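The residues making up each chain are set out below.
Protein chains: 2
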Amino acid sequence: MMTNSDIKLIRSLREKKFRDELGLFVVEGEKMVQEALDSSYEVVRLFRKNEIGEEAMSRISMLNTPSPALAVVRIPESETPNTIGDGLYLALDSVRDPGNLGTIVRLADWFGVEGIFASPDTVELYNPKTIQSTMGAVFRKKVTYCNLEDLCRRFSEAGRPVYGTFMDGDSIYSSDLKQNALVVMGNEARGISPAVSSLVTARIHIPSFAGGPTAESLNVAVAAAVTVSEFRRRTI
Amino acid sequence: MMTNSDIKLIRSLREKKFRDELGLFVVEGEKMVQEALDSSYEVVRLFRKNEIGEEAMSRISMLNTPSPALAVVRIPESETPNTIGDGLYLALDSVRDPGNLGTIVRLADWFGVEGIFASPDTVELYNPKTIQSTMGAVFRKKVTYCNLEDLCRRFSEAGRPVYGTFMDGDSIYSSDLKQNALVVMGNEARGISPAVSSLVTARIHIPSFAGGPTAESLNVAVAAAVTVSEFRRRTI
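One line per chain: the protein sequences are A and B, in this order. Each residue of the first sequence is one higher than the one before, counting from 40 in this note's numbering. Each residue of the second sequence is one higher than the one before, counting from 40 in this note's numbering.
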C-alpha cells in the first residue's frame with residue numbers, strides 16, 4: 040500500500056535539502072533495486088508497479104517511463120578512513136555534473152578502483168541522476184567527501200604519487216604509472232583547482248589525435264576512463 | 040530584436056518534429072555559438088543576452104541559467120559517402136541517450152576518429168542535449184545515419200576489419216588493432232544487435248578489474264573512449 044504521505048516523502052527526496060534532512064535517497068529500476076537489496080544498504084521502503092499499479096508508480100517515479108520498482112534507501116554514515124590501503128584511488132575536484140559523477144563511480148567499479156574521494160563542492164552522490172547513472176555501482180564503490188588538499192598530502196607523505204591531468208603533462212601512454220596512487224580529476228570547466236594542482240606530484244596528459252588545435256577537451260568521465268584504463272593495462 | 044514569432048520558433052525546435060520540418064537546430068553558450076560561426080554551418084539567427092536582455096533570453100534558453108548567446112543553425116544535408124577513406128571509424132548501433140551520443144562525438148574529435156556512422160534508430164544528433172554535450176565537436180565531426188549492415192559489408196569487402204565489443208571478445212589490450220577499421224558500439228542496454236554482430240569480424244573486450252562478477256557494464260561513451268584510446272596508443 041502506498042499512502043499520500045509516502046508520495047509526499049518520495050517526491051521530497053528529489054531535493055537535496057530533504058535527502059540531507061531525512062538521510063534517505065531513491066533508486067529506481069528492477070536492476071538497481073535488486074542491487075540495493077543485495078547490498079549492505081538499508082532499504083526502508085520498496086514499491087513495485089505490479090503491486091501499487093501503473094498510475095501510483097507514475098506519481099512517485101522520476102523517470103519518463105515509470106520503472107517497475109522503486110526503493111527508498113538509507114544514506115550510510117560516511118567518514119574519511121584513518122588509513123589508506125594499497126590500490127588506485129580517484130579524487131574528484133569539484134565535479135559538478137550528476138551524470139559525470141555517476142559514470143565515474145560505475146567505471147571505477149569496472150576497473151577495480153579502490154576508492155573514490157570527492158571535494159565537498161563535488162555534486163552530491165545521492166542526487167537521483169547520479170544514482171541512476173551509477174547503474175548500481177553506488178552500492179559497491181564508496182565515495183568519501185573530504186578536503187582534497189589534506190588527502191593529497193597524506194598520499195605524498197606515504198610516498199605515493201598524486202597524478203593529475205593537465206594540458207602540459209607528460210603523455211599518459213609513456214608515463215611511468217604506479218598502481219598505488221591517487222589520480223585527481225578536475226572540474227568540467229576549470230580543471231583541477233590551483234590549491235590541489237600544487238600538490239600533484241606527477242602531471243600527465245591524454246594526447247589529442249585531432250591533427251589540429253580544434254578539439255578542446257574531453258568530458259571528465261571520459262578522461263577518467265582513459266586514465267584508469269591505461270593504469271590497469273600496465274598490470275597485465 | 041526578438042519577436043514573439045522568434046520565441047515560438049526557437050521553442051518549437053526543442054521538438055524533433057519541428058527540427059525535421061524546419062531543418063534547424065539550436066546551440067547555446069558563447070563557446071558553442073562561436074564554434075558554429077567559425078564552422079561551415081549556416082547560422083540563421085543569433086541572439087545575445089546583452090542585446091535582448093536577461094528576461095528575453097530566459098524565454099528562449101533551455102538551460103537553467105540562460106546562456107549569454109543562442110544561435111539557430113541550419114541542419115546540413117547528409118548523405119552516405121560513396122567512398123570511405125583511410126582511418127578509424129565509429130558505428131553506433133542504436134545508441135539512445137543524447138548525452139552519450141554527444142560525448143562520443145566529442146571524444147571522436149579528440150582522438151581523431153575519421154567519421155561516425157549511426158543506425159537510423161540512434162538518437163538524433165540535433166537533440167539539444169546531444170548538441171550541448173558535443174561541446175562544439177558537432178561542427179567538426181560528421182555523423183552519418185545509415186544502414187549499419189550495409190556499412191559493415193562495405194568495410195569487410197574493402198578488407199578492413201569490423202571490430203565490436205562483446206563480453207566474450209579478446210582483451211583489447213592484447214588484440215591486434217588495425218588503424219583503418221570500423222569499431223561498432225552497441226545500445227546501452229542490449230549491446231550490438233544480432234544482425235550487426237554477425238558482421239563483426241573481430242570481437243574485442245575491455246577487461247574488468249573488479250575482482251568479482253559484480254561490475255556489470257561500462258557506459259557506452261566510456262567504452263568508446265577506452266577503445267579508441269587503445270587504438271590510438273598503438274600508433275605512437
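Don't read these hints as lab results, they were simulated from the structure. Being a predicted model, the structure only gives us computed values, none of them experimental. For glycine and all other residues, C-beta sits at the position ideal for the given N, C-alpha and C. Fair warning: there could be bad hints in the mix.
Covered stretches of chain B (chain A as the covering partner; in silico rule of three or more C-beta atoms under 8 Å from a C-beta of chain A) [what the hints assert, rightly or not]:
1) 49-60
2) 108-120
3) 185-194
4) 209-218
Below, computed lysine to aspartate or glutamate pairings styled on EDC-like, alpha-carbon distance capped at 16 Å [stated by the list, open to error]:
5) K168(B) / D136(A)
6) K181(A) / E227(A)
7) K88(A) / E69(A)
8) K70(B) / E227(A)
9) K168(A) / D136(B)
10) K56(A) / E163(A)
11) K70(A) / E227(B)
12) K88(B) / D59(B)
13) K47(A) / E116(A)
14) K217(B) / E69(B)
15) K55(B) / D125(B)
16) K181(A) / D209(A)
Results for each hint:
no.: 1; hint: 49-60; result: violated (count 0)
no.: 2; hint: 108-120; result: violated (count 0)
no.: 3; hint: 185-194; result: violated (count 0)
no.: 4; hint: 209-218; result: holds (count 3)
no.: 5; hint: K168(B) / D136(A); result: 13 Å, holds
no.: 6; hint: K181(A) / E227(A); result: 22 Å, violated
no.: 7; hint: K88(A) / E69(A); result: 10 Å, holds
no.: 8; hint: K70(B) / E227(A); result: 14 Å, holds
no.: 9; hint: K168(A) / D136(B); result: 13 Å, holds
no.: 10; hint: K56(A) / E163(A); result: 11 Å, holds
no.: 11; hint: K70(A) / E227(B); result: 14 Å, holds
no.: 12; hint: K88(B) / D59(B); result: 27 Å, violated
no.: 13; hint: K47(A) / E116(A); result: 25 Å, violated
no.: 14; hint: K217(B) / E69(B); result: 39 Å, violated
no.: 15; hint: K55(B) / D125(B); result: 33 Å, violated
no.: 16; hint: K181(A) / D209(A); result: 30 Å, violated
Going down the numbered hints, you'll see the structure goes against 1, 2, 3, 6, 12, 13, 14, 15 and 16, while the others check out.
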